[in-house]
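Participant: Single-letter residue listing:
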Amino acid sequence: MTPLAVSIGGALASFALVLIVLELIRSHRLRERYALLWLVTGLTLTALSAWREGLNTIAGWFGIRSYPPAVLFAVGILFILAVLLHYSTVISRLSDQNVVLAQRIALLEQELRQGESASGGLAR
Amino acid sequence: MPETAEQGAPTAPPAGLGELRRVAIVPALNEELTVPRVIGELRAFDPGLVVVVVDDGSADRTAEVAAANGALVLRLPFNLGIGGAVQTGFRFAFEHGFDLAVRVDGDGQHDPAQLARILEPVLRGEADIAVGSRFAAEKGGYRSSRSRRVGIRLLAWIVSRIAGQRVTDTTSGFQALNRRGIALFARDYPHDYPEVEATVMLLRHRLRLQEVPVSMRERGGGSSSITTLRSIYYMAKVLLALFVGLFRRNVVPQEETE
Chain A
1 MTPLAVSIGG ALASFALVLI VLELIRSHRL RERYALLWLV TGLTLTALSA
51 WREGLNTIAG WFGIRSYPPA VLFAVGILFI LAVLLHYSTV ISRLSDQNVV
101 LAQRIALLEQ ELRQGESASG GLAR
Chain B
1 MPETAEQGAP TAPPAGLGEL RRVAIVPALN EELTVPRVIG ELRAFDPGLV
51 VVVVDDGSAD RTAEVAAANG ALVLRLPFNL GIGGAVQTGF RFAFEHGFDL
101 AVRVDGDGQH DPAQLARILE PVLRGEADIA VGSRFAAEKG GYRSSRSRRV
151 GIRLLAWIVS RIAGQRVTDT TSGFQALNRR GIALFARDYP HDYPEVEATV
201 MLLRHRLRLQ EVPVSMRERG GGSSSITTLR SIYYMAKVLL ALFVGLFRRN
251 VVPQEETE
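Quick note, the sequences are listed as chains A and B, same order.
Per the numbering used here, the first sequence starts with residue 1, numbered consecutively.
Per the numbering used here, the second sequence starts with residue 1, numbered consecutively.
Calculated directly from the structure, the hints in this document are not laboratory data.
Fair warning: there could be bad hints in the mix.
What the hints assert, rightly or not - Some chain A residues near chain B, calculated using beta-carbon distances under 7 Å:
#, residue
1, R26
2, Q97
3, V100
4, R104
5, L108
All residues carry an ideal CB built from backbone N, CA and C; glycine is no exception.
Taking the hints into account, I'd like the entire structure generated from these sequences.
Facilitator: What follows is the structure in structure tokens.
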């Protein structure tokens, strides 16, 4: 059985994560789109920590007899991997878009300069 | 009550429109087939309307076709999603000092002839935003997949509870807004699947919303941006946004200094 302190500590920490994520959304520092995965992580870990019998049962499925909280670590790491992978896709998209933006600005600047010289290079 | 327009029959623009600077915001994504008709119908409804097509990174000739049909075109360098596209239009309307904006989708499902009805409450000063609702009427001419209808109804119910006002169609993009509405949306507009959150945002900022029964047409081309799988994600996202929105302090926007 999981030590009680581990259950309590795990549940409190995971629930704190949920609250922090909600507060970040509320104060417009985190978009809902990027928060969903964090929330699922926090809620799952909270549930697994608090529901001691459940954790035991799940640990049993995987043949973990000595230390059921190992399941918490495994699930936690799995979610962290998912979040990281998600962020990698987000960063890839952002860098692609950044390239497009830079190119558009270069083209606009060129058009602007051409327009200026066509109108006699009038400075304001 | 505004007189009910015959469906599809062009109706004259309501009185009091002439003095206002007014703009039509038309978000379009790969809509080259339907955009010319939408622009034409908007012009036919009200020749004084400035039509702005926001091309949300289309792969087809949407931007060229829109420009050739006399619309102003805001061409986004890549796809921002409907919320980002529509907000581009609101920013344009705000910065260029428009008094009145209507939003009409580029896919042709909104019939500009029905704009007269949607404009009425805003022109009479009874609403800051008027929304064409498919469900406000006794029998709507709106056909859609069953799951989608259920989703729309569920969202409408939740939004009604949060907002304290009966809202029947939270996903309608067929809207008319006055300067206050334009100012709010130019500053802050939700991102994907934005209309639901925008409705709550409006009401929490104490803007007056009225729904007007309209019927919508079959989509003229393209496909809906919302597939079944994505709608689950959207539902979760929107519910989260609505829930968190409850705990936000909302500033009531000041009256514009004219």
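Participant: Look at each hint and say if it fits the structure.
Facilitator: Against the structure, the hints come out as follows:
At about 5 Å, the closest approach between the beta carbon of A/R26 and any beta carbon in chain B falls short of 7 Å, and the interface hint on this residue holds. Against a cut-off of 7 Å between C-beta atoms, the interface hint on A/Q97 holds, since the closest Cβ of chain B lies about 5 Å away. A hinted interface residue such as A/V100 counts as satisfied when its beta carbon comes closer than 7 Å to some beta carbon of chain B; here the least separation is about 5 Å, so the hint holds. Given the 7 Å rule on beta carbons, the hint for A/R104 holds: about 5 Å separates it from the nearest Cβ of chain B.
Interface restraint check: A/L108 against chain B, minimum CB-CB distance 10 Å, threshold 7 Å, status violated.
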